[in-house]
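J.: One-letter residues, chain by chain:
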Amino acid sequence: MQLMIPHPGHFDALKDIIEVKEAEGLNEVGEVFMGGSPEVMGSGRGVLHAPLIEEIKEQTEYAHQHDLKMDIVMNSTCTGAHHLTFEGYKMFMWYFNELNKAGVDGVIVAEPYLVELLRDFPMKTIVSVLSYVESPQRAKFFEDLGADVITVDTNINRHFKVLEGIVKAVNCEIKLIVNEGCLYRCPFRYSHYNLASHLSSLNQPRFPLFAPDFYFDKCINIRLRDPTQILKSAWIRPEDLKDYEAIGITSFKLSGRTKAVNWIIDCMRFYSQRSFKGNLLDILDCPQMLRDMFYMDTEKLEGAIDHWKNCRKVCGECGYCNELTKEALTIIK
Amino acid sequence: MKEEIGDCRGKLEEELRKLVGNIFVPEAKVFGMVCGCVGFAADLRGLQSDDVDVFKEKINAILIELSKSVGVEPEFIYARKLPGSEEVVTLTVRELCERCKREFAGSKASPRPDIVVLKKRR
Chain A
1 MQLMIPHPGH FDALKDIIEV KEAEGLNEVG EVFMGGSPEV MGSGRGVLHA
51 PLIEEIKEQT EYAHQHDLKM DIVMNSTCTG AHHLTFEGYK MFMWYFNELN
101 KAGVDGVIVA EPYLVELLRD FPMKTIVSVL SYVESPQRAK FFEDLGADVI
151 TVDTNINRHF KVLEGIVKAV NCEIKLIVNE GCLYRCPFRY SHYNLASHLS
201 SLNQPRFPLF APDFYFDKCI NIRLRDPTQI LKSAWIRPED LKDYEAIGIT
251 SFKLSGRTKA VNWIIDCMRF YSQRSFKGNL LDILDCPQML RDMFYMDTEK
301 LEGAIDHWKN CRKVCGECGY CNELTKEALT IIK
Chain B
1 MKEEIGDCRG KLEEELRKLV GNIFVPEAKV FGMVCGCVGF AADLRGLQSD
51 DVDVFKEKIN AILIELSKSV GVEPEFIYAR KLPGSEEVVT LTVRELCERC
101 KREFAGSKAS PRPDIVVLKK RR
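Chains A and B, in that order, give the protein sequences. Heads up: the first sequence runs through residues 1 to 333, numbered per the working numbering. Heads up: the second sequence runs through residues 1 to 122, numbered per the working numbering.
In case anyone wonders, no lab produced these hints; they're calculated from the structure. Keep in mind that a hint or two might mislead.
Said to hold, decoys possible - Derived lysine-lysine pairs resembling DSBU-like cross-links, with alpha carbons at most 35 Å apart:
#, chain 1, residue 1, chain 2, residue 2
1, A, 333, B, 119
2, B, 29, A, 218
3, B, 119, B, 58
4, A, 124, A, 15
5, B, 120, A, 69
6, A, 69, B, 108
7, B, 101, A, 300
8, B, 11, A, 15
9, B, 29, A, 57
10, B, 29, B, 68
11, B, 68, A, 242
12, B, 101, A, 218
13, A, 326, B, 119
14, A, 333, B, 29
15, B, 101, A, 232
16, B, 101, B, 120
17, A, 15, B, 2
18, B, 29, B, 119
19, A, 124, B, 108
If you're wondering where the values come from, they're calculated on a predicted model, not measured in any experiment.
Pulled out of the complex, with its shape left as it was, chain B reads as follows (with noise of 0.2 Å):
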């Protein structure tokens, strides 16, 4: 596992850069929450949300493959942006539980403004 997540920020830092330039991912990590909720992100500078929105068929591709690789199962992906700014500071794929399928994957809006939903499986 330990192999596999270097790979993965490594990776994704790598396909980053070739649909947007210069970003830097200084920490990939996979997670565990205690409501249940498991899942893989990556810290990031230099990626914005109009690059999000721009690219985000292919963003949603890399991640899906890179949470895969680390048994992560790719039920809502999201970019969290830095509060009142455009700045997007990480990516997150998340395996729900059944508490936040309903409260945080569960709205139509966004569950709040700094979060921009890439993906959710319905």
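Looking at chain A on its own, in the form it has when it is part of the complex (with noise of 0.2 Å):
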């Protein structure tokens, strides 16, 4: 198993992680991602760190002496059509170009036309869970493109028949994102990225919103109405990760880079361990709220996995889900 990390940018949180990686053996852990400069491309994360080329280039370094890759993520999934201009064009390859000379390892992008431009690059190419690849056929399309490795859609995370057929499909490497508690099949999604790509970078809306995070609020809301969605969501538990490799899938990733680093360093360690005890919403990044309002009992959702393997999502006819989130999902007094 290969473990990528979300590191929040500044350069003390990656020594507190590689810190506590090295003290406790967790050699699972192989490489680190950040954001990179908000000049050049937003992200599908808020940007709270805008680390120029240097610093970069330092941290890349450091990262290496302690035997771990470093990944800068450019996932925005627009940009305006900036990259499709001549100066777009040269601004991307020049950038990537830094990146390469400072030694980054990998890049994190969502653009099919950026995944082409890597091609030029030694780094590895990691296509984003923005590129929304659930199909095989998407798969081999991106890697056709030039991808070296896949993030799925988290959507595909319970249809293990689709996550078979991808690995068959490609020679590249497959990877999950493991703590996502985004809405199953959400309906925002698209809409909520692209707001988040405009919003951390310098192409901003020309006037300010009246609802800076619409799509969030609809989000919680719907759970809070309907907290069978909670349950519904991708997230996989530290102790499911086997079920996964079983089918060739051995690369997983911990969304969270905006959070607490001491948050990033639990989640680290628990999934690792391949154990948690306790509200399984605590290790979950996005939407975090949710774990003050309800406790999600992880031992409660042992083997559930075993029927989500073979589930047709089909809720209406099925009501799995509904009887689980009974058993498993408290609200906090």
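Grab the two chains, each in its own frame, and use the hints to assemble them into the complex.
T.: Spelled out as structure tokens, the structure:
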């Protein structure tokens, strides 16, 4: 198993992560990823730090000294077509070249055009979860464009037949995000990431927003009214990683680069050790707020993966998640 | 309490203007979070992280006095920057719950890159 860990971006956080990894022998941790410069491109998460090339180089060298790879996230889902202008093309080529000179190991991108541009560089091209790869056909398209790694759409985390099909269809590495708590088949997903991509870049809306995070607020409200949606989300318990390894997926990524560094370290520890007892919502990124409202007992979820593996996801005819919600999820008083 | 909070806003603005120059404090508030943390926070315009570095001790002293006046123990004091910039947009004094003592204030590093820790009670 290989784990990819979020890095908030400031050097001290990287040092804390590495210190725990080494002190506790968390050898599964092989990579960290952090946001790049918002002046070049936004990303799917808020950018809390804007590292210059020199800082990226310094941090990458430090990571390498500790046997860790460094990846840079540039997974905006909308650049306003800047990448297709001559100026944009030159800027991306310049930035990729600088990242390469800085020793960066991989670049995480969502835009297919950038996947192709990265062919000119020895860095790994890591297709973002925001490329929404949810089928063998789409995986093959991205592999043909130049992907070395594909992070598949979390919507299919529990679609084992499709995952198996993707593994068979391509030769590149397949990666799963394990602790994302987004709504299954979320109707806001594309719009929300487009919004985040703009807000985290210089390509900002021209006027102030009257609802700065409309989609997030809707997401929370939906779960408060229908808590079953929390169980239907695509999270994977640390104990269930083995079920994915059994179908040939051994590369996993933790989400959460906008969270506090000690929270990230906790998640790294639990997933490395493949064990967590307590409220599963404590280790899910996005939306973290739910952990103060609900308690999802991870031990009561034991064995649910066996149902989900073969589930047709026709919820109206099944009702399994409704029943499990009654057993495993309680409201915190 | 209403008067105290209003006074805190005015006093913070006045003191920061004496130290730094033209600072605007549009809003100050006392808050309680679902996790158990309580605190005092002031939104700011005009302050930069260099100012906070230079006047850290004085800013801490002002915030300690103001937070105590509204009943908040100054366990953890921090400035929040506008992400990716040096503009400080909030100063916060927080009395921490057990979880946040470990998760938010327990790391050697600042918890997030947009947060500048000014004081931590060990």
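J.: State the violated hints by number, sorted upward, taking the hints as numbered earlier in the document.
T.: 8, 9, 11, 13 and 17
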